[in-house]
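> Sequence:
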Amino acid sequence: MKNGKEKMMRKIVVCLIIICGTISSTACWDRRELDSLAVVMGVGIDQAQEKDKVLVTAQVIKPAEISSPGKGGGSGEKPYLNVTNTGNTVLETLRRFTHVINRRMYLAHNEVIILGNEVAREGVRAYLDLFFRDPEPRLTAWILVAKEKAGAVLETGAELEKIPALNLAQLLEARVATSEVPAVNLNDFCQRLMSKTAAPVAPLVEVSDEGKKKIARLAGTAVFKKDKLAGYLTLTESRGLLWVLNEIKGGIIVVKSPDGEGEVSLEILRASSKITPEIKDGKPFFTVKIKEEGNLDEQKCAENLTTLTAWAALEQNQVGVIRQEVKAALQKAQELNADIFGLGEVVQRKYPALWKELELHWDEVFPQLEVKIVVETKLRRSSMITRPVTPAAAD
1 MKNGKEKMMR KIVVCLIIIC GTISSTACWD RRELDSLAVV MGVGIDQAQE KDKVLVTAQV
61 IKPAEISSPG KGGGSGEKPY LNVTNTGNTV LETLRRFTHV INRRMYLAHN EVIILGNEVA
121 REGVRAYLDL FFRDPEPRLT AWILVAKEKA GAVLETGAEL EKIPALNLAQ LLEARVATSE
181 VPAVNLNDFC QRLMSKTAAP VAPLVEVSDE GKKKIARLAG TAVFKKDKLA GYLTLTESRG
241 LLWVLNEIKG GIIVVKSPDG EGEVSLEILR ASSKITPEIK DGKPFFTVKI KEEGNLDEQK
301 CAENLTTLTA WAALEQNQVG VIRQEVKAAL QKAQELNADI FGLGEVVQRK YPALWKELEL
361 HWDEVFPQLE VKIVVETKLR RSSMITRPVT PAAAD
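Going by my numbering, the sequence shown opens with residue 1, and the numbers climb by one from there.
Everything labelled a hint here was simulated from the structure, so no lab data went into it. Fair warning: this is a prediction, and the values are worked out from it, not measured in the lab. C-beta: ideal position from N, C-alpha, C; glycine also. Treat the hints loosely; a few may be bogus.
As a list, the in silico DSBU-like pairs of lysine-lysine whose alpha-carbon atoms are at most 30 Å apart [to be verified]:
#, residue 1, residue 2
1, K289, K274
2, K147, K225
3, K289, K225
4, K196, K256
5, K327, K196
6, K225, K327
7, K149, K212
8, K356, K274
9, K228, K256
10, K196, K62
11, K249, K228
12, K226, K274
13, K147, K228
14, K300, K196
15, K147, K51
16, K62, K147
17, K226, K289
18, K372, K249
19, K149, K78
20, K225, K149
21, K249, K291
22, K147, K291
Pair ranges (Cβ atoms, derived) [as the list claims (entries may be wrong)]:
#, residue 1, residue 2, range
23, R380, K78, 35 to 41 Å
24, R138, G260, 22 to 28 Å
25, D297, A108, 51 to 57 Å
All chains, full assembly: derive it from the sequences and hints.
As structure tokens, then:
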């Protein structure tokens, strides 16, 4: 009996030692205090004037200048600081910012990475390696390509946001209102960089003058061939790409009224697409089937559009617009010889044996591919009213 109690006591003592040791060994050994960090919200990467050098612009938050809602505060200065530096690599340049500010750059909250035009044309793989490799930057950061200099984009103003980098991030999140620009994060871009055929894409941003202010504006899509910028898609061509990629979340399609006297705005409610590959005469052939549903939201004519004939005509006009957008995107992609639709991967999944024959010659095959576009549309309703509010209709 005594031996049993002693064994029990030993077990209890051992457990207590383990628990105490575990508790005492847990600590934030790698902690970094907030007041020792420079929180980066945006990074711009450009070519430096010196050969083989990189120019990095980092947008850092100034916490003291960000006033709390309803409490005022701040000195009225910009709530951010743009710092620039030149180095051999992106990481070296970021670390050298401590020569300018007394805090180490902290990338965990970075919202956007902007690639300058010259960097994009040279090849972006080396410039993005840090963001793929290092655990601190998040793979959810948005990738953008500047039409000119990346640093200039971070100098733009915004009416509703105090920090330009945050404004850019929210512009991309608001893209669903038009579906005319892709939203590509670091993870998406990396996957396409690693693909043997799928060409990477990224939203294109340009700087425009609005009075005395310079603002950033989303202007289309940058198309890459491997890791080098090959060309651009317009807003219309960009939506053609998104129709095929099944990434249409909303937007407005403007069509001609059945009598041809005005325009009609049709709102996209939902859309889906499917790519089906086939083999014809030993060559791949693709059918892209798109289904879309929408509402009649606005008309610029006095015609009654709720008749069966007019309704059917609107649906057919909508089919024509969608098909034309997809054709425009396909034509531009084949001109650039960049498989932005990922058609090579579609062939690889369904016809692996054929893909082994085509893989090494895909650059010769892609520009000649035949793609059939099938579009089905359905108008659901005409919103709050059925007839136009015009003097003629009111009579």
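> For every hint, state whether the structure bears it out.
How the hints compare with the structure:
1. At most 30 Å may separate the alpha-carbon atoms for a hinted pair to count; K289 and K274 meet this at roughly 5 Å.
2. Distance check on the hinted pair: K147 and K225 sit about 17 Å apart at the alpha-carbon level, within 30 Å; holds.
3. For the hint linking K289 to K225, the alpha-carbon distance of about 26 Å falls within 30 Å, and the restraint holds.
4. The straight-line distance between the Cα atoms of K196 and K256 is roughly 42 Å, outside the 30 Å bound, and the hint therefore fails.
5. A threshold of 30 Å between alpha carbons decides the hint, and for K327 with K196 the separation of about 24 Å falls inside it, so the pair holds.
6. For a cut-off of 30 Å, the pair hint linking K225 to K327 stands: about 20 Å separates their Cα positions.
7. For a cut-off of 30 Å, the pair hint linking K149 to K212 stands: about 19 Å separates their Cα positions.
8. Restraint check: the Cα-Cα separation between K356 and K274 comes to about 24 Å, which is no more than 30 Å; the hinted pair holds.
9. A distance of roughly 39 Å separates the Cα atoms of K228 and K256; the hinted pair therefore is violated under the 30 Å criterion.
10. Only pairs whose Cα atoms come within 30 Å are accepted, and K196 paired with K62 is rejected, the gap being roughly 43 Å.
11. For the hint linking K249 to K228, the alpha-carbon distance of about 28 Å falls within 30 Å, and the restraint holds.
12. Restraint check for K226 and K274: satisfied, since their Cα atoms lie roughly 25 Å apart, inside the 30 Å limit.
13. Between K147 and K228 the CA atoms are separated by roughly 14 Å; this keeps the pair inside 30 Å, and the hint holds.
14. Straight-line distance between C-alpha atoms of K300 and K196 comes to about 48 Å, which puts the hinted pair past the 30 Å bound.
15. Using a Cα cut-off of 30 Å, the hinted pair K147 and K51 holds, with the two alpha carbons roughly 21 Å apart.
16. Between K62 and K147 the alpha-carbon distance is near 28 Å, which keeps this suggested pair within the 30 Å criterion.
17. A threshold of 30 Å between alpha carbons decides the hint, and for K226 with K289 the separation of about 27 Å falls inside it, so the pair holds.
18. For the proposed pair K372 and K249, the alpha carbon gap of about 23 Å is at most 30 Å, so the pair holds.
19. A hinted pair counts as satisfied when its Cα atoms are at most 30 Å apart, and K149 with K78 qualifies at roughly 21 Å.
20. Of the supplied pair hints, the one linking K225 and K149 holds, its CA atoms being roughly 20 Å apart against a limit of 30 Å.
21. The hinted pair formed by K249 and K291 meets the criterion: a straight-line CA distance of about 13 Å does not exceed 30 Å.
22. As the CA atoms of K147 and K291 are separated by approximately 33 Å, the hinted pair breaks the 30 Å bound.
23. Roughly 47 Å separates the CB atoms of R380 and K78, a value that falls outside the hinted 35 to 41 Å.
24. A beta carbon spacing of about 51 Å between R138 and G260 contradicts the range 22 to 28 Å that was offered as a hint.
25. Between D297 and A108 the CB atoms are about 41 Å apart, so this pair departs from the stated range of 51 to 57 Å.
The structure is inconsistent with the numbered hints 4, 9, 10, 14, 22, 23, 24 and 25, although it conforms to all the rest.
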